[in-house]
Amino acid sequence: MPMQPDHTIENTTSGQTGETILSVRNVSKTYGKITVLKNVSFDIKRGEVVALLGENGAGKSTLSSIIAGLVTPSEGSMQWQGQPYTPATPSDALNAGLGLIHQEMRLLPELSIAENIFVGRLPTRSGRIDNLEMYRRADEQLKRLGLNVSPATKVKYLRVAAQQQVEIAKALTLNARFLILDEPTAALGGEETDKLFEQIERLKNEGVSFIYISHRLEEIARIADRVIVMRDGELVANFDSAKVPVSNLVEAMVGRQLDRIFPHLPAPTHKPLIEVKNLSSAEGDFHDVSFTVSAGEVMGIAGIVGAGRTELVRAIAGADPVKSGSVTVDGQVLTLKSPADAMAAGIALVPEDRKLQGLVLDHTIGNNIALGNYPRITPRSWVTPTEIRNFATTAIKRFGIKGSADQRANELSGGNQQKIVIARAISSGPKIVILDEPTRGIDVGARSAIYDVIAELAKQGMAVIVVSSDLDEVLGLSHKVLVMARGRNQGILSGTEATRHAVMERATA
Amino acid sequence: MSEITEQVTPKTGFINMSFVKKMSGPLVGLILLCVFFSLTSEFFLSARNGLNILDQVTVLGILAIGMTLVIVIGGIDLSVGSVLAFSMMMMGVMQRQMGLPLELAIVVGIATGAICGLVSGLLITIAKLPPFIATLAVMSVTRGLANILTEGKQIVGYPDWFTSLATVRQFGFLSMTVATFIVLAIIAAIILKYRPAGRNLFAIGGNPEVARLAGINVNLNTCVVYALSGALAGLAAVAFAARLDSSQPSAGLGYELDTIAAVVIGGASLSGGVGSIFGTVVGVFIIGVLRNGLNLLGVSPFIQQVLIGVVIAAAVTFDTLGRKRR
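In order, the protein sequence lines correspond to chains A and B.
Per this note's numbering, residue 16 is the first one in the first sequence, and the count goes up by one each step.
Per this note's numbering, residue 1433 is the first one in the second sequence, and the count goes up by one each step.
Careful, some of the hints might be misleading.
[What the hints assert, rightly or not] Label-pair ranges, simulated between beta-carbon atoms:
#1 GLY1604/B <-> ASP356/A: 39 to 45 Å
#2 LEU1702/B <-> ARG140/A: 41 to 47 Å
#3 LEU1652/B <-> ASN405/A: 46 to 52 Å
#4 ALA1559/B <-> GLU266/A: 50 to 56 Å
No lab work stands behind these hints: they were computed from the structure.
The structure presented is a predicted model; accordingly, all values stated were derived computationally and were not measured.
Idealized CB from N, CA, C, for every residue including glycine.
Please build the complete structure, drawing on both the sequences and the hints.
In structure tokens:
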């Protein structure tokens, strides 16, 4: 972790009515050598909505998970309504009155609203499920949220917004006094958002407190009473009021960090290798995206989770279908029906999730590197284990992978696994290399090795596209940065325009 | 992490250490079985009985080659027993009722199997049915068709040259059907190990998305594998018909389960990505030797069923435990 300059953390003692309901003191969380949460302290009062902001990976989810009993902190303590609070499981937290509403719903689609609300604790009478009682109590909560829907409706027939309210109703039947809403409006339209805010307001007046996590900064002033901001696992700012200019919030979120060491990139050529024109996804994940990357150029793609970055690069690599637009490589317009088509045109993808999309974890490193590369291992149609081992060993040396060809991929660290995936992609001799979140879950030391590999590819004249949620990485590694938000190209920044502030502002637009 | 990983491959000095480790379970089991039956039955350990066992496992063995491919790609083929019956009946009907020369009828039988397998493959890749459901459906359909062809009657009486394929031991040694099984097993083993097309199957079974992103046409490979499994069921039908000197619509009932058992005993994983023809052949012989030996000892077929179940459970338990330790 880079050392942080000191930030003033003002303790809020002013303003709000109501006593402190939850206090978090010096909570830290480490996984092995990696610190994801560092010394976080704050208080939440009764009937208060506190917005929690931060970039991807700032530690918001870890903090919420600790409060909701999904993760136990490595250090620090919490108090709930004046009592020590150490939830070991989510149900401990729920029983105490704290609920976490996830961004992705965790409902059972084939069951009714009422059954979902009472799952695991269905009301019974003389050993049988008391349907009347269940529906009555579910109806009560739905009315409390101002929802006009029968509790007998199956959840799969509900829209996303309504499903979310079922989750909230479920927490309320457990007498939740405190709710964490994780990106509740990410999938909602304007009207639905208004309705959600009304409900939050109503519950707030009943004395329910909220932590409200969102990437949509313009919402914050409407719904929150206070704002706390996290960065790199630390709580870095604490605003007493939510009426703060958005630019101040962005500044607190991005902050200033010590420069990480990025390799020097020579200036790119002006020979466009890949040209993407008005590309739109068949599933509606991105619309009308255009850009060009030249030989020797590195383009970063920035944006928040769900902005359509991964879907865009997967489509270019032939993994997902497109609706319209074109991809041109070396002047040839491509027909991309499968990853094999893209590879034949010289496009290689290092996918987002190395464990699920990049590696056959049970197989050896040698077989993983050889996969899809047999024509380059031998011109004959026979291949011997020795040839595979030699081919893999060359790649292992070239990319500095710590392991041998006969070892299984799952025995290696994340950084080395990532290098295996990169080694396979590069061994196909591509002209365009796309890396999706190449350093996710990799510790800082191993990252610079990946950066060096990326710079080396550009030097060899490939066009490189790097998708990353790490702003420093995108800025430090690229000649130019394409910013995406809600599936659209929000601008391509280069040179002095490409600042953390400018990128973040476009990403949250 | 890096310090640990460098120590993982121990220098044992035995070149074939990995081979012994990998094969120890099933192969040791087979040897123990043979030793046990040699000691308990005076008839077991003889060249004649050995050739008998070969004759008895041929049909199962041919089916198991196809099943190995299917299980390696993470699939399952429940239809092989019924496809065998349907192919067998098609062959019989073509020769006896349509008057085709038997050579041509054999080709029709094998092609019937391949088409049935292809249908399974298309149901899995295009209609996106789980392999279990797709092949369950094909199993039911083909068993029905096998019965429809002759309204459930068997077709008896093939030419002598045909039945001699299964009965006459060439050079006093192997019958043609046994030789076919052995040759096919060798070819399949070589393809799985030394041909990119074969090695790709392991990647598909290990993780189909990884394989697809690496440029492998997963759907095409899946269809080919199921078609091969069907074609091999058709070939097994020919061998079976030669042995029975007839075509019977009830042939191969429950064979899919024996076949799956043989492949799994041989060390393949039903979750895909792991398996070998050599292991499968050992698995086939474990089932064959067990049946043969128990028959020689006069154990009732009901008890045999119980014992085979116990062997399957034991084999896979040892294999799973061994895998965890590695």
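Each hint tested on the structure:
Our hint of 39 to 45 Å for GLY1604/B and ASP356/A is violated, since their Cβ atoms are close to 56 Å apart. A hinted range of 41 to 47 Å for the beta carbons of LEU1702/B and ARG140/A is consistent with their spacing of about 44 Å. Separated by about 29 Å at the C-beta atoms, LEU1652/B and ASN405/A break the suggested range of 46 to 52 Å. One distance hint, 50 to 56 Å for the beta-carbon pair ALA1559/B and GLU266/A, holds here, with the actual separation near 54 Å.
The structure does not agree with the numbered hints 1 and 3 stated previously, though it agrees with the rest.
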